[in-house]
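Protein chains in written order, with my numbering: chain X, 1 to 471; chain L, 1 to 144.
Think of the hints as simulated: they come from the structure by calculation, not from any bench.
Take these hints with a grain of salt, some might be off.
Said to hold, decoys possible - Negatives, chain X to chain L, calculated, CB over 10 Å:
| hint | residue |
| --- | --- |
| 1 | F21 |
| 2 | D25 |
| 3 | G267 |
As the list claims (entries may be wrong) - Straight-line alpha carbon distances no greater than 27 Å define the calculated BS3-like cross-link-like pairs of lysine-lysine that follow:
| hint | chain 1 | residue 1 | chain 2 | residue 2 |
| --- | --- | --- | --- | --- |
| 4 | X | K253 | X | K341 |
| 5 | X | K345 | L | K68 |
| 6 | X | K87 | L | K128 |
| 7 | L | K89 | X | K341 |
| 8 | L | K68 | X | K329 |
| 9 | X | K329 | L | K46 |
| 10 | X | K345 | L | K46 |
| 11 | X | K109 | X | K64 |
| 12 | L | K128 | X | K84 |
| 13 | L | K128 | X | K341 |
| 14 | X | K93 | L | K68 |
| 15 | X | K87 | X | K37 |
| 16 | X | K329 | L | K50 |
| 17 | X | K281 | X | K253 |
| 18 | X | K35 | X | K15 |
| 19 | L | K83 | X | K341 |
Claimed, not checked - Label-pair restraints from in silico Cβ distances:
| hint | chain 1 | residue 1 | chain 2 | residue 2 | range |
| --- | --- | --- | --- | --- | --- |
| 20 | L | E94 | X | R111 | 41 to 47 Å |
| 21 | L | E65 | X | K465 | 21 to 27 Å |
| 22 | L | Y81 | X | K281 | 33 to 39 Å |
| 23 | L | L144 | X | T238 | 33 to 39 Å |
| 24 | X | K402 | L | E94 | 42 to 48 Å |
Glycine residues also receive a C-beta, built at the ideal position from the N, C-alpha and C atoms.
Spelled out, the chains give:
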Amino acid sequence: MIDLTILTIATARKKLDGKVFSAVDLASAYLAEIKKKNSELNAYLEIYDDVLDQAKAADGRIAKGESHPMLGIPLAIKDVILIKGRKVSAGSKILQNYTATYNATVIEKLRKQGAVFLGRTNMDEFALGSSTENSAYGVTKNPHDISRVAGGTSGGSSAAVSSGMALAALGSDTGGSIRLPSAFCGVIGLKPTYGGVSRYGLIAAVSSFDVIGPIAKTTEDAQIIFNAIKGNDFLDSTSINDDTYPKIKNKDKLSIGVPWDLINQEGIEPEVKENFEEAIKNLENLGYHIKDIKLPNCIALYYIINFAEVSANLARFDGMRYGVHINGKNLLEDYLLTKGKGFGKESRRRILLGTYVLSAGYYDAYYGKAQKARIALKKEFKELFSEIDLILTPTSPIPAWKIGEKSDPLSIYLVDIFTVTANIVGVPAISIPSGFAEVEGKKLPLGIQFMASHGAEGLLFEVSKKFEAIS
Amino acid sequence: MRGLAQADEPSSSLREHAEIDCLSKSCAKKEFGHAREFRIFCYTFKMDIKDVENLAQLARIELTEEEKKDLLSDMDSILGYVKQVEDLKVENAEPELNVYNVWREDSPRLAQAGQDRTGEFSRDLIIKQFPDSQDGFLKVKKIL
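Generate the whole structure from the sequences, applying the supplied hints.
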């Protein structure tokens with residue numbers, strides 16, 4: 001029996017290469033775990049029927065003496081990343097019958113290394129939400145307390161890793177969709193620099209924010225996956241090069257900025273703040289210099305751009321070329337019925353809000369203003385990162401909430417207060433487990449988030465590993 | 001067809017709101033004494049069900065009466081919140097011009113060439129997913 005609870009990609013690599021266990025043994029252990037747990041947690045929407053064949057192929061390559069960081073490593077893939085010939089629904093009814101016609105670049109890269117794809121994981125429809133409650137295929141439950149949400153939008157991926165149903169996973173992050181569920185489920189989630197990982201083959205939510213990233217149990221594992229999937233891609237025109245951003249010079253003492261005015265405002269749970277203060281003490285003991293900085297609340301700015309781009313990106317789903325098609329009397333009625341029935345409530349809400357903020361009379365007041373504010377914020381960050389190396393916040397102002405507890409959409413948007421900023425500016429950010437809050441007799445995971453300047457994932461891994469070692 | 005043509009025109013009530021909005025801005029710019037009143041009016045106006053219907057028509061989404069009511073109240077509170085973007089300071093907000101076009105040949109084969117992914121697309125898989133097809137072409141209802 002393989003002990004999956006303590007297994008990491010790094011240790012699995014050694015055991016696979018050393019023939020302690022085979023890729024088939026490893027995949028079988030995960031399939032057994034999935035069989036035991038998935039019906040309760042609803043983390044996976046589908047388990048692929050060729051998992052053991054993929055593992056056998058990996059074993060064949062290992063037998064020939066091949067070794068790649070991801071060879072034979074079982075992964076869960078968010079239901080928004082295309083795998084050729086596999087169903088991909090983006091958590092939506094409108095794509096319930098869609099089969100991908102090509103591979104995403106990240107899939108192509110992992111496949112070349114011989115990674116084993118276990119299945120596709122649940123998510124908020126079209127990556128719109130913060131709790132995976134907006135999935136057309138039911139909510140994903142938090143492995144730490146099944147009456148609570150797993151967070152979102154990559155809730156299925158985070159829950160799968162947290163519950164031992166995958167060694168690691170891929171998620172996508174538009175405004176916190178990798179980091180928030182990772183914090184809620186007690187795992188590590190990295191949102192890379194915008195353009196650092198190819199978006200080719202990722203179903204778009206907000207094209208100027210979206211990025212694919214890893215969800216894993218340790219920083220080292222997140223780094224291994226990031227190294228496997230990063231890099232410039234000819235097929236994604238927003239993809240960056242190694243030299244797009246200046247290299248960060250090594251320093252003896254790093255300084256961390258903490259936006260206290262944002263953290264001290266109303267709506268942050270006392271347990272979260274206590275835990276955060278504890279984390280700061282630990283970082284000071286590790287030798288980091290902590291500095292008070294100012295950051296604006298960017299929720300309004302973020303959501304205006306989100307609505308606008310979502311309404312444009314979701315316009316393509318019209319039932320004409322693929323996906324669900326509902327027949328009406330004429331072409332217009334085909335559109336109205338297909339979109340009306342195919343899109344869930346949150347998607348329809350954001351499409352209408354986006355249509356509104358982009359309409360002629362409101363464009364300047366909303367979208368135009370938001371774009372200007374975005375440029376101003378980018379400049380502010382550039383100045384900030386000339387004085388400090390990292391920015392630290394809690395990942396979420398509250399721990400995981402009860403399923404169905406938050407019915408007002410605005411109250412859910414506000415949970416993204418600490419995560420959206422990295423997407424607006426395009427900088428990398430990581431969420432790391434920082435302990436637990438005890439709520440109603442259950443221990444709910446909490447997370448802290450570090451942001452670094454563009455291209456400085458290395459700094460995030462460094463601080464994350466040091467923090468990991470003392471927690 | 002009538003429906004399509006109508007849908008592309010903003011509704012009269014949307015236009016009205018837009019005019020009020022523009023008026024408030026020009027007043028604010030010229031620093032007329034009434035500017036403040038206009039601004040307050042703009043901050044507090046509410047959408048009505050007709051606005052939701054018009055937006056849904058523009059976005060080609062059919063809604064039930066109950067959904068319209070739900071959306072109206074959600075949109076009022078969400079738009080009320082995101083309006084605070086108006087208060088953000090945006091001096092010095094000229095975009096850095098590092099945006100450039102990335103061109104390639106409009107061919108799936110060439111597009112893949114640089115990545116050694118020639119012929120990756122499956123024509124069969126694409127056609128198989130058409131809701132309706134004829135002789136390998138996508139079939140849709142009459143447009144004109």
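Outcome of the hint check:
{"no.": "1", "hint": "F21", "result": "holds, 33 Å"}
{"no.": "2", "hint": "D25", "result": "holds, 32 Å"}
{"no.": "3", "hint": "G267", "result": "holds, 13 Å"}
{"no.": "4", "hint": "X:K253 to X:K341", "result": "violated, 56 Å"}
{"no.": "5", "hint": "X:K345 to L:K68", "result": "holds, 11 Å"}
{"no.": "6", "hint": "X:K87 to L:K128", "result": "holds, 13 Å"}
{"no.": "7", "hint": "L:K89 to X:K341", "result": "violated, 41 Å"}
{"no.": "8", "hint": "L:K68 to X:K329", "result": "holds, 23 Å"}
{"no.": "9", "hint": "X:K329 to L:K46", "result": "violated, 35 Å"}
{"no.": "10", "hint": "X:K345 to L:K46", "result": "holds, 21 Å"}
{"no.": "11", "hint": "X:K109 to X:K64", "result": "holds, 20 Å"}
{"no.": "12", "hint": "L:K128 to X:K84", "result": "holds, 14 Å"}
{"no.": "13", "hint": "L:K128 to X:K341", "result": "holds, 22 Å"}
{"no.": "14", "hint": "X:K93 to L:K68", "result": "holds, 20 Å"}
{"no.": "15", "hint": "X:K87 to X:K37", "result": "holds, 22 Å"}
{"no.": "16", "hint": "X:K329 to L:K50", "result": "holds, 24 Å"}
{"no.": "17", "hint": "X:K281 to X:K253", "result": "holds, 16 Å"}
{"no.": "18", "hint": "X:K35 to X:K15", "result": "holds, 24 Å"}
{"no.": "19", "hint": "L:K83 to X:K341", "result": "violated, 30 Å"}
{"no.": "20", "hint": "L:E94 to X:R111: 41 to 47 Å", "result": "holds, 43 Å"}
{"no.": "21", "hint": "L:E65 to X:K465: 21 to 27 Å", "result": "violated, 56 Å"}
{"no.": "22", "hint": "L:Y81 to X:K281: 33 to 39 Å", "result": "holds, 35 Å"}
{"no.": "23", "hint": "L:L144 to X:T238: 33 to 39 Å", "result": "holds, 37 Å"}
{"no.": "24", "hint": "X:K402 to L:E94: 42 to 48 Å", "result": "holds, 46 Å"}
The structure fails to meet hints 4, 7, 9, 19 and 21 from the earlier list, while all remaining hints are met.
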